[in-house]
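With the hints as extra help, turn the sequences into a complete structure.
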Amino acid sequence: MTTVHATADIADLPGSLRRLWRDAAAAEQGCNLSRALTLNLVVVTDERSEAATAAMLEALPDRHPCRAIQISLEESAGILEVDLVGRIRAHGQGRVMAMERLHLRADPEQFAKLPNLVRPILVNDIPTCLFWATELPHSLGRIAALASMADRTIVDSALFTGDDWRSLRQIAHHAPFDLAWLRVAPWRRVLAEAFEHFAWEPEEPPTSVRIEHSAAMGSLGAARCLEHWLVQKLGADVRLARVAGDAPCTEPVRLELRHGPVHIVIQHLTEQALLRTDVTLESHCLLPAHTPTSRGSRAELLAAAVDMRATLGLS
Amino acid sequence: MVNPLAEELQRGRRAAPCSLVIFGATGDLTHRKLVPALAGLKRDGLLPAGFAVVGFARREKTDEQFREELAAGVAEHGRTGAGEGFDALRESIFYHRSSFEDGDGYAALGRRLEAVERELGTTGNRMLYLATPPSAYSGILANLRDAGLSQESSDRFARVVVEKPFGHDLESARALNAQVGAAFAEDQVYRIDHYLGKETVQNILAMRFANGIFEPLWNGNFIDHVQITVAESIGVEGRGAYFEEAGVLRDMIQNHLLQVLTLVAMEPPVSLASNHVRDEKVKVLHAIRSFAPHEVAENTVRGRYTKDFVGGVEVPGYLDEPGVSSDSNTETYAAVRLEIHNWRWGGTPFFLRSGKRLPRRVSEIAIHFKRPPHHLFANNDLSPNILLLRIQPDEGISLRFGSKVPGPDVNIRDVRMDFRYGSAFGRESADAYERLLLDAMLGDSTLFARRDEVEEAWRIVDSIHAGWRDFHPRGYGAGTWGPEQADRLLGAGRVWRRP
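Residue numbers (this note's numbering), protein chains in the order written: chain E, 1 to 315; chain L, 1 to 499.
Hint data in this document are derived by calculation from the structure and do not stem from the laboratory. Every residue, glycine too, gets a C-beta built ideally from N, C-alpha and C. Keep in mind that a hint or two might mislead.
[Claimed, not checked] Anything over 10 Å on all C-beta distances counts as not near chain L; from chain E, calculated:
| # | residue |
| --- | --- |
| 1 | Thr-7 |
| 2 | Trp-21 |
| 3 | Ala-26 |
| 4 | Ala-36 |
| 5 | Glu-81 |
| 6 | Arg-119 |
| 7 | Ile-121 |
| 8 | Pro-127 |
| 9 | Ser-148 |
| 10 | Gly-162 |
| 11 | His-197 |
| 12 | Glu-271 |
| 13 | Pro-292 |
[To be verified] Which stretches of chain L does chain E cover? Using the computed rule of at least three CB atoms under 8 Å from a CB of chain E, they are:
| # | segment |
| --- | --- |
| 14 | 2 to 8 |
| 15 | 38 to 46 |
| 16 | 112 to 121 |
| 17 | 409 to 422 |
Here's what the structure looks like:
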């Protein structure tokens, strides 16, 4: 991919975007330059998450060519600042503008000005997605102000420092989607498969579950997703337990489920990136099964979350 | 008791637990396509935890030797990340040695499968893949039936996947279908044509039936004719002996091109349920009449490439290829004009062409619309609108239409509105075998050919072959778009698109 920079004027962002297109066409003279935008993506970051999120956005056009509007809330920013770049990739004989990225830096105090800067530069007729890639604000109204112009809101609970993020369900007209829900997809799947091997009784015997997680917020967030799901689906008595180890981890460490004589253990084999599932039934044991864990990078998870039809995770 | 978490098993098209038995497990197809596809599915988490592969072949080897050979195949032919998928799958792969004719070998296979099912929790579901030369099908099918391995019950499935070619002509196809039918019910049978696993072929249905603007125009009132092209730039590439028996009519048109034609021409199905889709596809084939021998010459062109320069290098003619008989009567190019005799398409010809050693490797469907009824722009020679569905390469859809050239004069020039998969969806399309293996495990037979489709396609192709007995293929230079006679096939005012 090649990058084209354009000067941006905070007072005329639509005009700045037109200039970007003109400059890109001039830079790619001789090639047939076309545009392939399938998504408006509004991303909110802070100093802590900005670099990681920028890396995510680099990878995103491979799956979702988009107009990305990154809003960095930085106390050092002071006034509103803006950068504009285009990312162009070769496609056959031609060139395709696969991302138009507009980076707004603003002091959090300036937040009220942002929605009206964003609104006129959303491309019409394509979906708009808000990715809140930072800590939860004290006032959920900030998220709501941007979520109201989006068709979908995505959060990553691994970035939160507090664990009271279920309040997010209160905002906007759609429930946010947590990337942790995708990280535990293989856990849900292997557990569902294990339930194919015995007759589960909803009333008796009771179903108890212990989910172990590490000290990392991502691990806790993922464990919470599983807890929420198992309580909803099984009415199970689910206990979360923090175990030693604080290595960065975005999945639970171990899950143990008991239902009468049935004993299911799912162990996260971190080094091999596999889930080992052991199922003990009343009459016999199955050989251990190995299933890949979620190996998606955050960019891949974000890309997948944009594609998900149903709103899951925090709903 | 219903699984309270079953929703997870239905989400994301993940297959139910099962064992996959591959007959011909030491062959090329297994190493180049099937196991790399399984590794890709495993990598993407689309295979169930309860899954096993049992390779069935004649050669003596251990499970571990078999795994090592497959690992090498995955390393060479698998897509990115397939190696990781294979590692996760490795311990679930087993080898069963037996000849295809030995009944005891199948009884032993049954016992082996029961043990695997108990140990790996594959729940008794079985998929049986015939990755062998067609000559072995008969013995395998009979032995599967005799060993009870083709039987399914209310709580476990038994499915058989059969690779093309599905026969050599109508008679042999019927005989093969009878052999398959003696062991399996039709809804257990999955006849695989990898062409239908391509994303862009599947998109024909999405484009036609997920959009409101095309279908009202999709008939002979607005469409002048349709051209379907599947061109290969390579020659027979060492497969001369095989190709001598097939020819491009049997090898490409009987299956790939006629399948594509049915998707373009079919009526909207009641639903996307496999039999609803296949019912409509087979109706299209029913509406194509067999040619009488005297009609074949005026509706078909048969060609054979001759020595010429390709990329600055001289390449041999077909008759000089290894394994090809000097008095061969096999065609490497065929163009066919077909009429679909129904209300929608009456009077609208479909032109199918396929060949080897053509200038480019390309597959496309070009819908040529009729010209406007009144010629308002008198000084302009208006071209017809063409809706182009590109299957490969550069998958996508484009529409050609006329636009005014800026300036004081009224000049109309053709311009193109272009949609490219690669631009709009950067994601790599799944390999056709991944898609089709997964569909077979899920019990979705939409993209597999049904018995009556196969036999109807052979009926049409056989009638062409009958008319070809008396004349030889016409020569065309390697690297050209086929014999000149193919241009005349289209009739006045029409030309082949140059893809």
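Status of each hint after checking the structure:
Distance to chain L confirms E/Thr-7 as a non-interface residue, since its nearest Cβ pair spans about 27 Å, more than 10 Å. No beta-carbon of chain L comes within 10 Å of the beta-carbon of E/Trp-21; the shortest separation is about 16 Å. At roughly 19 Å from the closest C-beta of chain L, the C-beta of E/Ala-26 stays outside 10 Å, upholding its exclusion from the interface. Look at E/Ala-36: its CB is around 4 Å from the nearest CB on chain L, not clear of 10 Å, so calling it non-interface is violated.
With 10 Å as the threshold on Cβ separation, the claim that E/Glu-81 sits away from chain L holds: the shortest Cβ distance comes to roughly 30 Å. Interface exclusion of E/Arg-119 from chain L stands, the closest Cβ pair being 25 Å apart, more than 10 Å. Interface exclusion of E/Ile-121 from chain L stands, the closest Cβ pair being 21 Å apart, more than 10 Å. In this structure E/Pro-127 is separated from chain L by more than 10 Å, as the shortest Cβ-Cβ distance comes to about 13 Å.
The beta carbon of E/Ser-148 sits about 27 Å from the closest Cβ of chain L, which is more than 10 Å, so the claim that it is off the interface holds. Distance check for E/Gly-162 against chain L: the nearest CB is about 29 Å away, which clears 10 Å, and the non-interface claim stands. The beta carbon of E/His-197 sits about 6 Å from the closest Cβ of chain L, which is not more than 10 Å, so the claim that it is off the interface is violated. At roughly 12 Å from the closest C-beta of chain L, the C-beta of E/Glu-271 stays outside 10 Å, upholding its exclusion from the interface.
With 10 Å as the threshold on Cβ separation, the claim that E/Pro-292 sits away from chain L is violated: the shortest Cβ distance comes to roughly 5 Å. Judged by the Cβ-Cβ criterion of 8 Å, the segment 2 to 8 of chain L is covered by chain E as claimed, because 6 of its residues qualify and three suffice. A stretch counts as covered by a chain when three or more of its residues have a beta carbon under 8 Å from one of that chain; for the segment 38 to 46 of chain L and chain E the count is 3, and the coverage holds. Figure legend: the segment 112 to 121 of chain L, annotated as covered by chain E; annotation consistent (4 residues with Cβ-Cβ distances under 8 Å, at least 3 required).
Counting residues of the segment 409 to 422 of chain L whose beta carbon lies closer than 8 Å to any beta carbon of chain E gives 3, which meets the minimum of three for the stated coverage.
Checked against the numbered hints given earlier, the structure breaks hints 4, 11 and 13 and satisfies all the rest.
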